[in-house]
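Enquirer: Whole structure, please, built from the sequences with the hints as guidance.
Chains as they are written, first to last, in UniProt numbering: chain A, 1 to 125; chain B, 1 to 374.
The hints are simulated quantities; they were obtained by calculation from the structure and are not laboratory data.
Predicted model, so just to flag it, every value in this text is computed and none were measured.
Glycine is no exception: its CB is placed at the ideal position from the N, C-alpha and C atoms.
Treat the hints with care, since some could be wrong.
Stated by the list, open to error - Label-pair ranges, simulated between beta-carbon atoms:
#, chain 1, residue 1, chain 2, residue 2, range
1, A, ASP79, B, GLY345, 27 to 37 Å
2, B, ARG87, A, ALA83, 52 to 62 Å
3, A, MET92, B, ALA310, 36 to 46 Å
4, B, GLU102, A, LYS49, 38 to 48 Å
5, A, SER119, B, PRO31, 26 to 36 Å
6, B, HIS134, A, ALA83, 32 to 42 Å
7, B, SER363, A, ALA83, 22 to 32 Å
8, A, ALA83, B, THR217, 50 to 60 Å
9, B, GLU281, A, ASP79, 48 to 58 Å
10, A, GLU52, B, VAL145, 50 to 60 Å
11, B, GLY345, A, SER106, 53 to 63 Å
Stated by the list, open to error - Okay, derived cross-link-like pairs now, DSSO-like style, lysine-lysine, Cα gap no bigger than 27 Å in a straight line:
#, chain 1, residue 1, chain 2, residue 2
12, A, LYS30, B, LYS28
13, A, LYS30, A, LYS99
14, A, LYS30, B, LYS47
15, B, LYS265, B, LYS90
16, A, LYS99, A, LYS45
17, B, LYS28, B, LYS47
18, B, LYS55, B, LYS28
19, A, LYS49, A, LYS30
20, A, LYS30, B, LYS55
Stated by the list, open to error - Computed list of chain A residues with no C-beta within reach of chain B, every gap over 12 Å:
#, residue
21, ALA28
22, LYS30
23, ALA116
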Amino acid sequence: MSTLYFTEDHEWIAVDGDTATVGITDYAQKQLGDVVFVEVPEAGKTLAKGDEAAVIESVKAASEVYAPVSGAVIEGNADLADAPATVNESPMDDGWFFKMTLSDTSELDDLMDQEAYDSFVAGLD
Amino acid sequence: MSESAASPSEPPLRTTPLDALHRELGGKMVPFAGYAMPVQYPAGVLKEHLHTRAKAGLFDVSHMGQVRLTGDDPAGALERIVPGAIRAVKPGRQRYTLLLNETGGILDDLMVANAGDHLFAVLNAACKAEDIAHLRAHLTDVDLVELTEHALLALQGPAAAAVLETLAPEVATMRFMDACALEIRGVPCFVTRSGYTGEDGFEISVPADAAEDLARTLLAHEDVAPIGLGARDSLRLEAGLCLYGSDIDTTTTPIEADLAWTLGKARREAGDFPGAEIILEQLRDGPGRKRVGIRPEGRAPARAGTPIHAPGGEAIGVVTSGGFGPTVEGPVAMGYVPAPLAAPGTELDLMVRGRALPARVVSLPFTPPRQHRG
Chain A
1 MSTLYFTEDH EWIAVDGDTA TVGITDYAQK QLGDVVFVEV PEAGKTLAKG DEAAVIESVK
61 AASEVYAPVS GAVIEGNADL ADAPATVNES PMDDGWFFKM TLSDTSELDD LMDQEAYDSF
121 VAGLD
Chain B
1 MSESAASPSE PPLRTTPLDA LHRELGGKMV PFAGYAMPVQ YPAGVLKEHL HTRAKAGLFD
61 VSHMGQVRLT GDDPAGALER IVPGAIRAVK PGRQRYTLLL NETGGILDDL MVANAGDHLF
121 AVLNAACKAE DIAHLRAHLT DVDLVELTEH ALLALQGPAA AAVLETLAPE VATMRFMDAC
181 ALEIRGVPCF VTRSGYTGED GFEISVPADA AEDLARTLLA HEDVAPIGLG ARDSLRLEAG
241 LCLYGSDIDT TTTPIEADLA WTLGKARREA GDFPGAEIIL EQLRDGPGRK RVGIRPEGRA
301 PARAGTPIHA PGGEAIGVVT SGGFGPTVEG PVAMGYVPAP LAAPGTELDL MVRGRALPAR
361 VVSLPFTPPR QHRG
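Expert: Structure, rendered in structure tokens:
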């Protein structure tokens, strides 16, 4: 059973113990539009909170995905290289970007839960 | 003062006669050249692009400048500031040409139609105020009227002709770059068979108060969808067409920009246009650099501003337009490279996020031209 957290950069992070899966939210994929290229981090890469972790390019523009917390990358989602549109079709599930081990679980305290994120998004429109 | 209050230095955005329709259709409105314009509709850039290539797309390009030039010899007068053979444009025909400065730099690109008793020109939105001032300063023997009470709609794609024929049967006989005044459901319009997508299609100058009705009538056809500026850009990039301010500007000459075809034959011989000395020298000896098509390998797009390097080597140029080509199903770009490296097949490196992405020079356009040449 994992716990879901969100950032103000519209990333989600599903935490299970000291491992986590990171992706972008449905709101984010809608704002980006059609995703045409994704570059995910390689296994073993160490990320500090706020580091540029992945690149996402839509038809319109390039954006970065930042590490929501510090840790080491376990796996990047290799399927996105050939099927970047998965990010649009299944942002919260098959469209995950990378998995990581957390080096400091207290960093999760700064993130939003589902309810806080939903009201954050509602305040943007 | 709230954070969202517009800064006093920024004038409010202008709107086109289709503003309410864009919002009703769910258009995502963005500032562009001082206008609120739809960058996309709910379908999104990718689907809008593919729909235009498959059927027909309707674009609001009312932000562009529309001017009417009258006088004893407006074509002869215009030739003083452009390199095209404007006097050779027959009534009912249109030509692409360039406003040049004294050093051969490009001030704007424009379309000029011979409407019989006047010339009709379409100018880029971001340049129109300066263009009109330039035209007025140099063409003192010509009367210039800006058609501020006219919208401009573009209907583009393989189904465009069949759709427009249902409203104006006479368009069936028009060929690419024909121009004609005609009535559409009782409204006087000026129609050209041209566009900015590489597809067959039309641009329709229509009185502002009739524009929304015409747009709704066209959109009521099952083959027609509204298309925003996002897809307009990806369509023109695949078609190899220049975007003023990105691919051409005052620092590029027509020869560097691979637009030598816009130089009229007699105009080359006479050398009677601004910057002729520099331009004709480049035409004779070859330019130092050239605009080329670039196809990145892999899937990563290279955007405008991406440095171009020789393979494993030094910086040699820059990408001026780049992105994902939905019809090509991959990244496409244009940029300037030294003339010796401009041949199709030449290998280049594109420096994206600090890494060299391999790419090749390719012939333009990226997609086959499908204008109706008759």
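Enquirer: Which of the listed hints are broken here?
Expert: 4, 6, 8, 22
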